[in-house]
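Based on the sequences and whatever the hints tell you, model everything.
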Amino acid sequence: MSSLLNLTKDLFKGKIKVVDLTHTLSPEFPHISLPPEMGQAWPFRIEEVSRYDERGPAWYWNNFSCGEHTGTHFDAPVHWVSGKDLPRNAVDSIPPENFIGPACVIDCSKQSAKDADFLLTKKFILQWEKKHGRIPPRAWVLMRTDWSRRADDPVAYQNYDETGQHTPGPDTDAVKFLVEERDILGFGTESIGTDAGQAYHLRPPYPCHYYMHGAGRYGLQCLTNLDQLPPTGAVVIAAPLKIRNGSGSPLRVLALMENS
Amino acid sequence: MLERPKRKNPVLRTRLPTLPPAARSRIALGLTAAAALGRFELQQCRDCGDVQYPPREACQRCLSINIHWKLQSGDGELLADTMLHHSNDLFFRERLPWRLGLIKLGSGPTVVAHLHGSIRKVPEKVTVRAMLDRAGQAVLVALPEKETPNMADDRQLREFTCDPKFRKVLITDGKTSLGQSLVKGFVKAGADLIWVGHAEPWKNFPGFQEIKSLQQASLVPLDLTDSRNVREVAAEIGGKVDIVVNNAEHHRAFGIGNRAGVETARAEMDVNYFGLLRLAQELGPAMRSRGADGQSSAVAWVNLLSIYALANFPPHGTFSASKAAAHSLAQCLRAEMRPAGVRVVNVFPGPLDDEWNQLLPPPKLAPAALARAVIKALQDGIEDVYPGDVAQEWLARWRDNPKALEKELSS
Numbered sequence: 001m002s003s004l005l006n007l008t009k010d011l012f013k014g015k016i017k018v019v020d021l022t023h024t025l026s027p028e029f030p031h032i033s034l035p036p037e038m039g040q041a042w043p044f045r046i047e048e049v050s051r052y053d054e055r056g057p058a059w060y061w062n063n064f065s066c067g068e069h070t071g072t073h074f075d076a077p078v079h080w081v082s083g084k085d086l087p088r089n090a091v092d093s094i095p096p097e098n099f100i101g102p103a104c105v106i107d108c109s110k111q112s113a114k115d116a117d118f119l120l121t122k123k124f125i126l127q128w129e130k131k132h133g134r135i136p137p138r139a140w141v142l143m144r145t146d147w148s149r150r151a152d153d154p155v156a157y158q159n160y161d162e163t164g165q166h167t168p169g170p171d172t173d174a175v176k177f178l179v180e181e182r183d184i185l186g187f188g189t190e191s192i193g194t195d196a197g198q199a200y201h202l203r204p205p206y207p208c209h210y211y212m213h214g215a216g217r218y219g220l221q222c223l224t225n226l227d228q229l230p231p232t233g234a235v236v237i238a239a240p241l242k243i244r245n246g247s248g249s250p251l252r253v254l255a256l257m258e259n260s
Numbered sequence: 261m262l263e264r265p266k267r268k269n270p271v272l273r274t275r276l277p278t279l280p281p282a283a284r285s286r287i288a289l290g291l292t293a294a295a296a297l298g299r300f301e302l303q304q305c306r307d308c309g310d311v312q313y314p315p316r317e318a319c320q321r322c323l324s325i326n327i328h329w330k331l332q333s334g335d336g337e338l339l340a341d342t343m344l345h346h347s348n349d350l351f352f353r354e355r356l357p358w359r360l361g362l363i364k365l366g367s368g369p370t371v372v373a374h375l376h377g378s379i380r381k382v383p384e385k386v387t388v389r390a391m392l393d394r395a396g397q398a399v400l401v402a403l404p405e406k407e408t409p410n411m412a413d414d415r416q417l418r419e420f421t422c423d424p425k426f427r428k429v430l431i432t433d434g435k436t437s438l439g440q441s442l443v444k445g446f447v448k449a450g451a452d453l454i455w456v457g458h459a460e461p462w463k464n465f466p467g468f469q470e471i472k473s474l475q476q477a478s479l480v481p482l483d484l485t486d487s488r489n490v491r492e493v494a495a496e497i498g499g500k501v502d503i504v505v506n507n508a509e510h511h512r513a514f515g516i517g518n519r520a521g522v523e524t525a526r527a528e529m530d531v532n533y534f535g536l537l538r539l540a541q542e543l544g545p546a547m548r549s550r551g552a553d554g555q556s557s558a559v560a561w562v563n564l565l566s567i568y569a570l571a572n573f574p575p576h577g578t579f580s581a582s583k584a585a586a587h588s589l590a591q592c593l594r595a596e597m598r599p600a601g602v603r604v605v606n607v608f609p610g611p612l613d614d615e616w617n618q619l620l621p622p623p624k625l626a627p628a629a630l631a632r633a634v635i636k637a638l639q640d641g642i643e644d645v646y647p648g649d650v651a652q653e654w655l656a657r658w659r660d661n662p663k664a665l666e667k668e669l670s671s
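The listed protein sequences derive, respectively, from chains A and B.
According to the numbering used here, the residues represented by the first sequence are 1 to 260, in order.
According to the numbering used here, the residues represented by the second sequence are 261 to 671, in order.
Some hints could be false.
Okay, the calculated beta carbon distance ranges per label pair [claimed, not checked]: (1) A/I243 to B/R264: 40 to 46 Å; (2) A/N62 to B/H346: 51 to 57 Å; (3) A/V49 to B/P466: 37 to 43 Å; (4) A/D152 to B/K448: 35 to 41 Å; (5) B/W329 to A/T24: 56 to 62 Å; (6) B/K667 to A/D152: 53 to 59 Å; (7) B/M343 to A/V49: 34 to 40 Å.
Because the hints were derived from the structure by calculation, they are not lab data.
The C-beta atom is built at its ideal place from N, Cα and C for all residues, glycine as well.
See below:
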């Protein structure tokens, strides 16, 4: 029997479990917020078209609107200036096989609980590799911070003070290491942004966006349920909407893992 | 003095709103147009100087048609008074007894006016004002010549005003300096409870903590761009709101050419126009059902518009357009709220002294001054408010010649 058929069989039998890494899209879900003089992404909004009423007697449906970078979403290389001239750098042109890859989950939840500005370093990643093995090429590296547990409280999730947002993320060396020495597919986080909240003050500003997209790699943001994944062994499927020359898109991120 | 109303008896039916007689001739609407601004104007003949009432097509004395509306001081003397104990009109029938008087104005005519309760003697010096009634039409009201204690509490006068005392207010944005001034102003004006809307809860603005600590204030997450949120807030508090002040606005300083794309203009429309539409669709029905709900009935809906709603100010061109759209919608709202006697008050300020008008030279309207103007308009029963020097000047230029104002603004 082919491995694909075996996969579906194992799914049906419950030997393989599907974990949904996606937050529900809703108007309340915290959205990215830039200084007010800048252009703003639309937050998720939804308007009822009809609900079995005089506007449409037998059917219920809605119109929704949102920016490409809303809710649990995908960042394509063209999103950042460093990736603007790369080939196949937009959500419609990325090779579809790149949406699927093995997941390496680096648990930074304790550190992030203590320090909202926690930065994931190369040293931290090397220590993780000592325990769980070398990060394979073409992997999704997911930074688990348990930040998603704050999602019901927009104030705690955004975590703003007068100096801006305070959320964990990778430092510059960690990003360069993952791209240059581990050839990863992309980097995923639980907060708004693959970069830390204060990453504007790193060198270069927003290093994860700069290097990851500059090297044609991807980003996943506002992930949830990373605490349900093993450090290695899960497979992530993260296929964005096929928007012409789109810089990203909200999407359903699924992880497949073996049920032990 | 007005007593705090008792809690409503929930087994009794809420009365349906009724209106005083609303029919007016087109000429008589001149009195209403002035009263909407808080002005008492009567027709005066340019040929013989005669001041006349009621309004007519020609001068009652010399038959000249060369007549114009002229501001009146309202000084007069009460000649006779009467207490109405019977009326076939539904509105007055429910408000009997009702006191009226015959007043000789200093400028000539003798008029019939509603009498303030503290006018006791005949004859007595009084001041006559033209005020809007619940039908939105001008009527004449005689007030004591000099201010008396708790004058605004008069039972008859309160039928013409929208006094916030003992009323419950929703302010849609408490995060701005204007919103905070409004909250404090309504506390001072005796409002019972003030719901303070605030969008994007993670953004903390200066002064907001202080508002949270006010005993009368109650915070509600409210984002006028989110239909579901507006619906839920209206469902939660709609049946209690007596006065809405929709001060939420989105303002950027762009014309057409100096901002690429439509995102900024769309955001302005989404708050300034669609925000009003969403709020009116969700809160309007509940307020309409409470237009006659006792002493503290639903009474007013205030829209923060802009003087730019009358004529486009090109440096803030897309903002002007969104306010013009909101103005048009507010006229629709006014028509739809009228049967309930709920007054729609439109406020047309000039530039506010805030961050989005940073580069405009003074004079700019202080948010606190605008808040005072809003509350005064409610207390005085005014429908169209042009607060501050800039608004007054633009209004005068616009009324004189709208085309000339357009040309002046485009140069």
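Hints, one by one, checked against the model:
| no. | hint | result |
| --- | --- | --- |
| 1 | A/I243 to B/R264: 40 to 46 Å | 58 Å, violated |
| 2 | A/N62 to B/H346: 51 to 57 Å | 56 Å, holds |
| 3 | A/V49 to B/P466: 37 to 43 Å | 41 Å, holds |
| 4 | A/D152 to B/K448: 35 to 41 Å | 37 Å, holds |
| 5 | B/W329 to A/T24: 56 to 62 Å | 60 Å, holds |
| 6 | B/K667 to A/D152: 53 to 59 Å | 55 Å, holds |
| 7 | B/M343 to A/V49: 34 to 40 Å | 57 Å, violated |
The structure does not agree with the numbered hints 1 and 7 stated previously, though it agrees with the rest.
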